[in-house]
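For this one, chain Z is given, so just place chain U on it according to the hints.
Going line by line, the protein sequences match chains Z and U. Numbering (the working numbering) for the first sequence: 23 to 308. Numbering (the working numbering) for the second sequence: 3 to 337.
Please keep in mind that the hints were generated in silico from the structure rather than gathered at the bench. Source: prediction; values computed, not measured. Warning: the hint list may mix true and false statements.
Label pairs and their in silico Cβ distance ranges [stated by the list, open to error]:
(1) U/Ser218 <-> Z/Leu194: 29 to 35 Å
(2) U/Ser170 <-> Z/Leu73: 54 to 60 Å
(3) U/Ile48 <-> Z/His191: 53 to 59 Å
(4) Z/Ile268 <-> U/Leu129: 49 to 55 Å
(5) Z/Tyr77 <-> U/Pro254: 37 to 43 Å
(6) U/Arg213 <-> Z/Tyr77: 50 to 56 Å
No residue lacks a Cβ here, since even glycine has one placed at the ideal position from N, Cα and C.
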Amino acid sequence: MLVYGLINSTVLALMALGFNLTFGISGVANFAYGAIYVVAGFLTWTFINELNLPYALSAVLTIVLIGIFGVLIYRFIIKRIRGLVISEVIATLGISIVILEFLRYFGFIGFKYSLPVFINGSVEILGAFVDIQRLLIVGFVILLIAALYMFTHYTKVGLAFRGIAQEEHTSLSLGINPDRIAGLSMGMGSALGAFAAIVILPLGTITVDSGYDVLINALSVCIVGGLGSTFGVILASFIIGYAQTITATYVSSHWTMIVSLIAILIILAIKPSGLLGHQKELEERV
Amino acid sequence: MKENYRKERIARGIKARSDDIYALTSYKEMWYLLFPRLVPIVGIAIIAYFLPLYWKKVVITTCIFAMLSVSWDFLSSCGLLSLGQALFFGIGSYTAGSLNHYLHLPIYVTIPVATVVGGFISTMILLPVIRLRGIYFAMVTLILPLMLMRLVEATKMLGGTEGLTGLSPFPNTWVEITFILAAMWAALFGLRRLIASDYGLIFVSIRDNDRATMASGINIYAFKAQALFIGSSICAFCGAFMTHSYQFTGMPVFAMEFSILPIAASAIGGIGTLAGPLMGAFILVPLSELLREFGTLRIVFYGLILVICVVVLPEGIFHYLSRKYNEMERWARLE
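Extracted from the complex, chain Z is given alone in its bound form:
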């Protein structure tokens, strides 16, 4: 159970990281995130099965294409309405609905839409059998977090990311173009979503509804963890992940959704800025 809880938590963290990156940096809540996740899954599937490309190449292609797609969404839609919260939310939600329902209408439903796992087989850890794919997810999350940390602390673009997250006007005066950086962060957030899709989706089939599920999970993890705080996201995904696993083991797997709901309500009632939200966010939120 410890192991399953760990894996469940890392899956949640992986889902939430991309959403959190975009929100933490540009302040745009990307409600199209779930749609991007699903599109990435179908895109990889198409590359592998229709164009017969090798798996690794199609995965990289998908991540790059989805990243560009995210930048394009920013460039043509969100840039015009940046700062108007209602409009941002409505527009990204609109995009999400257009994509997901469009896919649903054209019948992208069925068992044939599943991605192959990286390495088949399972190993025994602490008395539990675990697929290697699930172990890979844990590894990827650790790598990803390390890479993100390095990126935001030691590269020029990464520092610019943190710059506009802290103070947009000041960074403008230091020669950072907030629109360009925000667009980039949107692209990177989308690429992370695509990465999450490629890593997580081999565990099951690709369905349109999983777009909404991913959005719900990402949102609840981010809300509990404190929006824009990466370590908050990790902490929150462990709390929710273990809570869900414990409920699934001892009560019933039907109640897992309720656990995250209750977690959100309790956290928000006690500490409205989330577990590790900063003072600045508290000002914004309350």
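Only chain U this time, still in chain Z's reference frame:
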């Protein structure tokens, strides 16, 4: 020819007089004020009573969505950006449905009770998050109905996936239409009056600057809770009405459509006008009925309208029409 001219807009004299002073001097001025209000009321009533049965049902659905949209707009005027009208709608619907199904209460009891109790339950659910604003509140309201849907599915309570069927219907269609039309106009004009009053001024000031409102010694959380109760009661009423109209309640009442369409209608009609969203609903719902053969593609269509309206036409129809009605335009020569 036009390069030496510019377009000039002047508010009509009657508009300036009638805005705050109710000392109208002639039938012409009274008619000026009444005309834009009477035309939709009379027009919709005439259409509603003389259509064939199928389209009467469409009018009823339209009215329900119009009320949801008006309530969405009211909540957004109070700074509560809700992406989950389906939550309020569903709670109202389930309240009415279970009162009728388990306690066998008659319809004239269930609808009022569901309105008040549904509004109360919704407010209680959202009370912990009422301190959040803007996007954070929106996120919570977006996930709540989806999670409640899962809850009903998981626990199999209140009929589970099957829902509650065989609820008592309205006596006849005439009563149904009269009731919903009356409720819709009451909601619209009531909320307009409310927003314009001193009490409503506090709601608008919370939206515009909640810090300043707090600094004026007003408990904004109490006022937000009241606004939430008013808004969600209207939605709960819609839910209860729909339940009895279709004699069914079930998981579809938490569907995304009930959350999305009000927002799309408001985006078309003009956010913050209350009458605009109603107009938007009366455009969107019949249109989507005509597009019924496309199935779920309709939702794609709403999504597109949302994106296009928000990005390209942020003003909305109502602002445009009211400008045309209240202001004169003329070409003035440039000096």
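Hints and how they fare:
no., hint, verdict
1, U/Ser218 <-> Z/Leu194: 29 to 35 Å, "holds, 34 Å"
2, U/Ser170 <-> Z/Leu73: 54 to 60 Å, "holds, 58 Å"
3, U/Ile48 <-> Z/His191: 53 to 59 Å, "holds, 56 Å"
4, Z/Ile268 <-> U/Leu129: 49 to 55 Å, "violated, 27 Å"
5, Z/Tyr77 <-> U/Pro254: 37 to 43 Å, "holds, 39 Å"
6, U/Arg213 <-> Z/Tyr77: 50 to 56 Å, "holds, 53 Å"
Hint check: a violation occurs at hint 4 only; the rest are consistent with the structure.
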